[in-house]
Amino acid sequence: MTKKELSDQIQALKLKRENLFNEYGELQYRYKLVEKNKLLAWVEKGFKFMR
Amino acid sequence: MMDLNKLAKEEQMAHTYQEELTLDKLTRETVRLEKDIKHIKESRRFKLSKILRPFSYVRIYFSILFRGRAIHQENIKLKQELLKKQYLLNQQKSQLNFINRAIEGLKKLDINSEGKIVKLLNQEGWTFDFIDKLVDEEQKRQEQIKRIIDQLTRSHRHLKSEELKNYLYEKTALLYKRAQFPEYLIRQYEQRNISVSHLDSFSDQLVRRFRLKQLTKQLPEIVLDDKKIAYQFIDQLAIPYPKQQDQVYTIETIPKKQATVIKPAFGDGGRGVYLIKNETNIFDIKRERELSTWSELIEAMTDDLKSGKVSKDLWYCEELLRLNEEQPARDLKFYCFYGEVGLILEVDRTTKARYCWWDKRGERIQTGKYEKQQFEGLGVVAKEIDQALKLSLQIPAPFMRIDFLRTDKGLYFGEFTPKPGNFDQFDLKTDQKLGQLYLEAEARLNTDLINGKKFTLFDNIIEDIRRNA
Numbered sequence: 001m002t003k004k005e006l007s008d009q010i011q012a013l014k015l016k017r018e019n020l021f022n023e024y025g026e027l028q029y030r031y032k033l034v035e036k037n038k039l040l041a042w043v044e045k046g047f048k049f050m051r
Numbered sequence: 001m002m003d004l005n006k007l008a009k010e011e012q013m014a015h016t017y018q019e020e021l022t023l024d025k026l027t028r029e030t031v032r033l034e035k036d037i038k039h040i041k042e043s044r045r046f047k048l049s050k051i052l053r054p055f056s057y058v059r060i061y062f063s064i065l066f067r068g069r070a071i072h073q074e075n076i077k078l079k080q081e082l083l084k085k086q087y088l089l090n091q092q093k094s095q096l097n098f099i100n101r102a103i104e105g106l107k108k109l110d111i112n113s114e115g116k117i118v119k120l121l122n123q124e125g126w127t128f129d130f131i132d133k134l135v136d137e138e139q140k141r142q143e144q145i146k147r148i149i150d151q152l153t154r155s156h157r158h159l160k161s162e163e164l165k166n167y168l169y170e171k172t173a174l175l176y177k178r179a180q181f182p183e184y185l186i187r188q189y190e191q192r193n194i195s196v197s198h199l200d201s202f203s204d205q206l207v208r209r210f211r212l213k214q215l216t217k218q219l220p221e222i223v224l225d226d227k228k229i230a231y232q233f234i235d236q237l238a239i240p241y242p243k244q245q246d247q248v249y250t251i252e253t254i255p256k257k258q259a260t261v262i263k264p265a266f267g268d269g270g271r272g273v274y275l276i277k278n279e280t281n282i283f284d285i286k287r288e289r290e291l292s293t294w295s296e297l298i299e300a301m302t303d304d305l306k307s308g309k310v311s312k313d314l315w316y317c318e319e320l321l322r323l324n325e326e327q328p329a330r331d332l333k334f335y336c337f338y339g340e341v342g343l344i345l346e347v348d349r350t351t352k353a354r355y356c357w358w359d360k361r362g363e364r365i366q367t368g369k370y371e372k373q374q375f376e377g378l379g380v381v382a383k384e385i386d387q388a389l390k391l392s393l394q395i396p397a398p399f400m401r402i403d404f405l406r407t408d409k410g411l412y413f414g415e416f417t418p419k420p421g422n423f424d425q426f427d428l429k430t431d432q433k434l435g436q437l438y439l440e441a442e443a444r445l446n447t448d449l450i451n452g453k454k455f456t457l458f459d460n461i462i463e464d465i466r467r468n469a
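Residue numbers (the working numbering), protein chains in the order written: chain Z, 1 to 51; chain A, 1 to 469.
Next comes chain Z alone, as it looks inside the complex (with noise of 0.2 Å):
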């Protein structure tokens, strides 16, 4: 691999991984928002009561 290459392939996994951070950010957030719904919380119960 020459050193542009490999410059260049760094580069491009830099903006890949910000891109999946970004990502990751808003899942998480949303996931945590679900996390801390009471609505949700209970019908998950109820799901588990029903199973």
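I should point out that these hints are in silico values taken from the structure, not numbers from a laboratory.
Take the hints with a grain of salt, since some may be wrong.
Derived DSS-like pairs (lysine-lysine); straight-line CA-CA distance at most 25 Å [stated by the list, open to error]:
#1 140(A) to 36(Z)
#2 454(A) to 228(A)
#3 286(A) to 228(A)
#4 16(Z) to 9(A)
#5 16(Z) to 433(A)
#6 36(Z) to 77(A)
#7 32(Z) to 108(A)
#8 119(A) to 108(A)
#9 409(A) to 146(A)
#10 257(A) to 14(Z)
#11 38(A) to 32(Z)
#12 14(Z) to 84(A)
#13 32(Z) to 383(A)
#14 38(Z) to 41(A)
#15 36(Z) to 312(A)
#16 352(A) to 383(A)
#17 25(A) to 36(Z)
#18 47(A) to 32(Z)
#19 85(A) to 9(A)
#20 41(A) to 16(Z)
#21 36(Z) to 352(A)
#22 35(A) to 9(A)
#23 14(Z) to 35(A)
#24 32(Z) to 433(A)
#25 47(A) to 48(Z)
#26 372(A) to 140(A)
#27 32(Z) to 41(A)
#28 312(A) to 14(Z)
#29 257(A) to 312(A)
#30 409(A) to 372(A)
#31 32(Z) to 35(A)
#32 213(A) to 256(A)
#33 14(Z) to 25(A)
#34 79(A) to 4(Z)
#35 41(A) to 14(Z)
Given the coordinates of chain Z, work out where chain A should sit on it, guided by the hints.
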């Protein structure tokens, strides 16, 4: 210049290493993030949340209503950032945990932890620092061990039992043995044509040569170590040397002569050498002190024999050469490597011995030896270096120190010294440089021998010895 090139190379390699490592780290992080994202997306709770999402819109509506859209969005953004930071923090915590476990394991000599440390070094990009630090510490440790072993070995000479002494000397040799290289690494050096010249060592080569001497009595440089044979050899080249008396004396028969040098028939390193200007002005080379009476000289010579500095009560006299009216001739010791001069040592013995090192370009250098006994010497000229160099090409040996004397009449040959005293005391840089010169000389000599080079002057001497035997 070479050091600068080396530094630039080191910097370049460290940069490449960091880049490769960044690539590796980014790849790992990306894969992990993808995995974590997948994990969230596939979780039951997250799937359920999709059904209940309309309810959260109500909450968002009220949030925007009471706080305003901008603040609501900023809140979300900040919360997301916080979650991202928490993610990084968790990763660092688990990394720290991994390090702690590896260190604990190392303390308990757990083999698996060694692998963990290697993984860590590779992941974090600590390889360069680790090697540098380890090399530095290993060097310091080795130097410390060497100092201790040296003192220990020297302390054995006071033991009374010769058998015990021999046993301990043999046992100590193992401590000096170099750690063995794995074959794998040697194969890499060979396949990749990597030079390991930084491992070359002058003292190692001289120890190896000493081992060869034990196996064969005919090493060329050892033949020439005999001063009389050396003068015969030099005679063929018409190089002047101090006039010598053929007669060999004992302490009792040594004559009281002015302007002479008394030397032991067998010995080196200046042991048992005395410069006699006159009966009341005598200089003891080894002990670096002036003697003012003949009886003090006899006492010193007797002590040389008793302490084993000189092995036999056999001495000879030669003419005392001078640099000028006040000063004795100066020693010029050329470290010759079969056609290459690696180092030159100038010694002034007017009162206390003072030393000055030169390289083959005639520039003053430091070698780690005699650092506190330095002086600004007269130096050497190219013609003199050339003379030593050509002389070394007549000796079929990779290394020979050729000692000359600088006198008011020009350069005089002094002696050949195949094994310089305290050859292990050079600093690492000098030891490496001389070690490399030694190996290069050995390679050149081997080629010359294969090509049938004749060492006529040396062969004549061997013939003479055989005839007289």
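Cross-check of the supplied hints:
no., hint, verdict
1, 140(A) to 36(Z), "violated (60 Å)"
2, 454(A) to 228(A), "holds (23 Å)"
3, 286(A) to 228(A), "holds (22 Å)"
4, 16(Z) to 9(A), "violated (32 Å)"
5, 16(Z) to 433(A), "violated (50 Å)"
6, 36(Z) to 77(A), "holds (18 Å)"
7, 32(Z) to 108(A), "violated (42 Å)"
8, 119(A) to 108(A), "holds (18 Å)"
9, 409(A) to 146(A), "violated (44 Å)"
10, 257(A) to 14(Z), "violated (88 Å)"
11, 38(A) to 32(Z), "holds (16 Å)"
12, 14(Z) to 84(A), "holds (16 Å)"
13, 32(Z) to 383(A), "violated (87 Å)"
14, 38(Z) to 41(A), "holds (20 Å)"
15, 36(Z) to 312(A), "violated (99 Å)"
16, 352(A) to 383(A), "violated (29 Å)"
17, 25(A) to 36(Z), "violated (34 Å)"
18, 47(A) to 32(Z), "holds (13 Å)"
19, 85(A) to 9(A), "violated (37 Å)"
20, 41(A) to 16(Z), "holds (18 Å)"
21, 36(Z) to 352(A), "violated (89 Å)"
22, 35(A) to 9(A), "violated (39 Å)"
23, 14(Z) to 35(A), "holds (17 Å)"
24, 32(Z) to 433(A), "violated (66 Å)"
25, 47(A) to 48(Z), "holds (15 Å)"
26, 372(A) to 140(A), "holds (21 Å)"
27, 32(Z) to 41(A), "holds (13 Å)"
28, 312(A) to 14(Z), "violated (79 Å)"
29, 257(A) to 312(A), "holds (22 Å)"
30, 409(A) to 372(A), "violated (30 Å)"
31, 32(Z) to 35(A), "holds (18 Å)"
32, 213(A) to 256(A), "violated (38 Å)"
33, 14(Z) to 25(A), "holds (10 Å)"
34, 79(A) to 4(Z), "violated (38 Å)"
35, 41(A) to 14(Z), "holds (23 Å)"
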